[in-house]
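For chain A, the structure is supplied; the task is to place chain B on it using the hints.
Residue numbers (this note's numbering), protein chains in the order written: chain A, 8 to 361; chain B, 8 to 361.
Honestly, I wouldn't trust all of these hints.
[Claimed, not checked] Computed far set for chain B versus chain A, every beta-carbon distance over 12 Å: (1) K13; (2) L139; (3) H236; (4) E306; (5) D326; (6) R353; (7) G356; (8) L360.
[To be verified] Quick list of in silico lysine to any residue cross-link-like pairs, SDA-like style, CA-CA up to 20 Å: (9) B:K237 - A:G137; (10) A:K9 - A:K237; (11) A:K237 - B:G137; (12) A:K215 - B:G102; (13) B:K184 - A:D328; (14) A:K101 - B:E216; (15) B:K215 - A:N273; (16) B:K101 - A:S249; (17) B:K237 - A:G185; (18) A:K241 - B:N99; (19) B:K237 - A:C136; (20) B:K101 - A:G219; (21) A:K184 - B:I202.
It should be emphasised that the hints constitute simulated quantities derived from the structure, not laboratory data.
From the three backbone atoms N, C-alpha and C, an ideal C-beta is built for every residue, glycine too.
2 protein chains.
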Amino acid sequence: MKDLAKRFPQNPLLMPKDLVASRHELQIISLLNPGVFRFQGKIWLLVRVAESIAQKEGVIFFPVMNEMGQMEIIEVPLNDPDLVATDARIVNYKGLDYLTTVSHLRLLVSTDGIHFSEPETCEAALFGCGELERYGIEDCRVSQIGEDYYLTYTAVSENGVGVGLRVTRDWRQFEFKGMILPPHNKDVAIFETQIASKFYALHRPSSKEIGGNYIWLSESPDGLHWGNHKCLIKSRPGFWDSERVGAGAAPIRTPYGWLEIYHGANAAQQYCLGAFLMQLEDPAIVIARTNDPIMVPTEKYELSGFFGYVVFTNGHVVDGDQLTVYYGAADEFVCGAYFSINKILRAMGFGPLL
Amino acid sequence: MKDLAKRFPQNPLLMPKDLVASRHELQIISLLNPGVFRFQGKIWLLVRVAESIAQKEGVIFFPVMNEMGQMEIIEVPLNDPDLVATDARIVNYKGLDYLTTVSHLRLLVSTDGIHFSEPETCEAALFGCGELERYGIEDCRVSQIGEDYYLTYTAVSENGVGVGLRVTRDWRQFEFKGMILPPHNKDVAIFETQIASKFYALHRPSSKEIGGNYIWLSESPDGLHWGNHKCLIKSRPGFWDSERVGAGAAPIRTPYGWLEIYHGANAAQQYCLGAFLMQLEDPAIVIARTNDPIMVPTEKYELSGFFGYVVFTNGHVVDGDQLTVYYGAADEFVCGAYFSINKILRAMGFGPLL
Chain A
8 MKDLAKRFPQ NPLLMPKDLV ASRHELQIIS LLNPGVFRFQ GKIWLLVRVA
58 ESIAQKEGVI FFPVMNEMGQ MEIIEVPLND PDLVATDARI VNYKGLDYLT
108 TVSHLRLLVS TDGIHFSEPE TCEAALFGCG ELERYGIEDC RVSQIGEDYY
158 LTYTAVSENG VGVGLRVTRD WRQFEFKGMI LPPHNKDVAI FETQIASKFY
208 ALHRPSSKEI GGNYIWLSES PDGLHWGNHK CLIKSRPGFW DSERVGAGAA
258 PIRTPYGWLE IYHGANAAQQ YCLGAFLMQL EDPAIVIART NDPIMVPTEK
308 YELSGFFGYV VFTNGHVVDG DQLTVYYGAA DEFVCGAYFS INKILRAMGF
358 GPLL
Chain B
8 MKDLAKRFPQ NPLLMPKDLV ASRHELQIIS LLNPGVFRFQ GKIWLLVRVA
58 ESIAQKEGVI FFPVMNEMGQ MEIIEVPLND PDLVATDARI VNYKGLDYLT
108 TVSHLRLLVS TDGIHFSEPE TCEAALFGCG ELERYGIEDC RVSQIGEDYY
158 LTYTAVSENG VGVGLRVTRD WRQFEFKGMI LPPHNKDVAI FETQIASKFY
208 ALHRPSSKEI GGNYIWLSES PDGLHWGNHK CLIKSRPGFW DSERVGAGAA
258 PIRTPYGWLE IYHGANAAQQ YCLGAFLMQL EDPAIVIART NDPIMVPTEK
308 YELSGFFGYV VFTNGHVVDG DQLTVYYGAA DEFVCGAYFS INKILRAMGF
358 GPLL
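Same shape as in the complex, but just chain A (with noise of 0.2 Å):
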């Protein structure tokens, strides 16, 4: 297994302790899965933040937002019968399912893409608004059309876990489109580039029974209403990928084709990166995809954190063959790595690029 990734030095770029959390009585419990994009000139990342409650010992708190918007707090003891809390990032309660934080996107900016401060500027952070986000929005993905920015990201609430959308042009008001595809979704990722006068995107249902937690596209006259859903990429038993995949961000465009650079977990929840190349004038043709992941957790930052062994990307940013990667690692820090599209091509046997 060939990992391409060359990590920044600097990594990690952000940690929980990096920002203050929303409100006094929360603390933030991880940086993760920062949508990326550019501005007027900078590199601007979107962070998932990941809050809580301060925790007591013998008890945990579910953080949901009540229908004024405000924070309210469940709090269990542990050792309730009723309780299932096998896993970090959700727990079973009475029948229902919480998560054990809450999650709002927070904008960080910078000159050198590897230090980032809050802006002065802009709108420094997106809430969950509506009875469709009431456990709160997460992993946006940033893609440019245009003028306008189209903020896709996972929307949870207790009517389940679906995919919103916001569009803006300045990055002060936001447009809420509401939720573009209906549970259960996420990983969304919106071409930049109409083809033939349609959007695509690459979304990522589950399925209760039958099928599995696989990545399709999907085309709209409007960028606002989905259909033709086309299944594209399996997860593939016995690799690395063989219990989920996902799409990171926009797709980029190249000469042999659209690529995609993706998530995918095994059944121990280790996640890695991967890459696929879709035809230009028809992207639900796959032409290639990578056998072995192109990035492996082996840091220590990826391996150990609140839910370890996890690099995920959902946003980039392209300067010719340099492709910047930003990803959260271990469900907890944002770090970066660069990456030769050339060379992720070459691993699929395409190139080089001239």
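Quick look at chain B alone, frame taken from chain A:
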């Protein structure tokens, strides 16, 4: 619990032995869950026909459509340790789910709405087509929108369970519109009237974790691409519809609102019918819902069959106050029942209509 249904004395209207299997090597296991529409002055059913291979002792078969559209058979000894067969409808073999039958849709026509026979002038059967329908197509709703009939059906394959759409005007030629809602989704009923130039549909996504089997509402500019999903009707702990709910056929316009007949099931998988009412101008607003079911399995043909204790509808016709519901009984028989729309509205505290 007050059952508002007046069952046809002729029930069951159709049984597996009444039709001929689609291929000589197959047998019809069940007839169920018809879509219903009027065309050329007659009443038509689009019945789901579930077929399998004639069973041998000690062996289970899963029928699957191959890429050439031909039926392939997977044969597994019942004592195979990799086989999990605890449900009559679905089995798990080597970690993958299979249906025990493959369904197609069969057209039947009647002048009196009671005696149905195969038509002479139309395409009599619709089969699964393409890689998203390899395990068959099921439970079709037929919505008449202008001169067009929109057929929304459950499309099943190893990729998952989603919703396919075909459109026809003459019941001879069908336009295939692909999968309009990705897995896991079913029970889609498109409103037959647009509201403020928008198409609306009820649908039933299922959640793998967080959320449940709830009825959602969706909007579309063209009937093909769907967005702005909202959660409308949830299952109710302690009620007859505690485990799952799903829309029936297209809602019925009444002066008090859009009337929808829906199915609900409890944890024991007992399926009854209920009703709810949506606001005319904005169907995202639910005005009322029956606490008790309006129809409960009581007859022998409802209590006992391929999957007992089931009444399930996705088709009806309306004549003034009379609602004629066609329904699947015990996942094996096609039956009919009359309801008074006034009485259903009254059960929700509305009416009477003049």
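Tested hints:
1. K13: holds, 36 Å
2. L139: violated, 7 Å
3. H236: Non-interface label fails for H236 (chain B): nearest chain A Cβ at 4 Å, not farther than 12 Å.
4. E306: holds, 29 Å
5. D326: holds, 34 Å
6. R353: Given a closest Cβ separation of 30 Å, the condition holds.
7. G356: Check passes; 25 Å lies beyond 12 Å.
8. L360: Non-interface label stands for L360 (chain B): nearest chain A Cβ at 32 Å, farther than 12 Å.
9. B:K237 - A:G137: holds, 11 Å
10. A:K9 - A:K237: Not satisfied, since the Cα-Cα distance of roughly 31 Å exceeds 20 Å.
11. A:K237 - B:G137: The hint holds at about 11 Å.
12. A:K215 - B:G102: holds, 13 Å
13. B:K184 - A:D328: With Cα atoms ~39 Å apart, K184 (chain B) and D328 (chain A) exceed 20 Å; violated.
14. A:K101 - B:E216: Satisfied, since the Cα-Cα distance of roughly 14 Å is no more than 20 Å.
15. B:K215 - A:N273: holds, 18 Å
16. B:K101 - A:S249: holds, 14 Å
17. B:K237 - A:G185: holds, 8 Å
18. A:K241 - B:N99: holds, 18 Å
19. B:K237 - A:C136: holds, 13 Å
20. B:K101 - A:G219: holds, 14 Å
21. A:K184 - B:I202: Holds, at about 19 Å.
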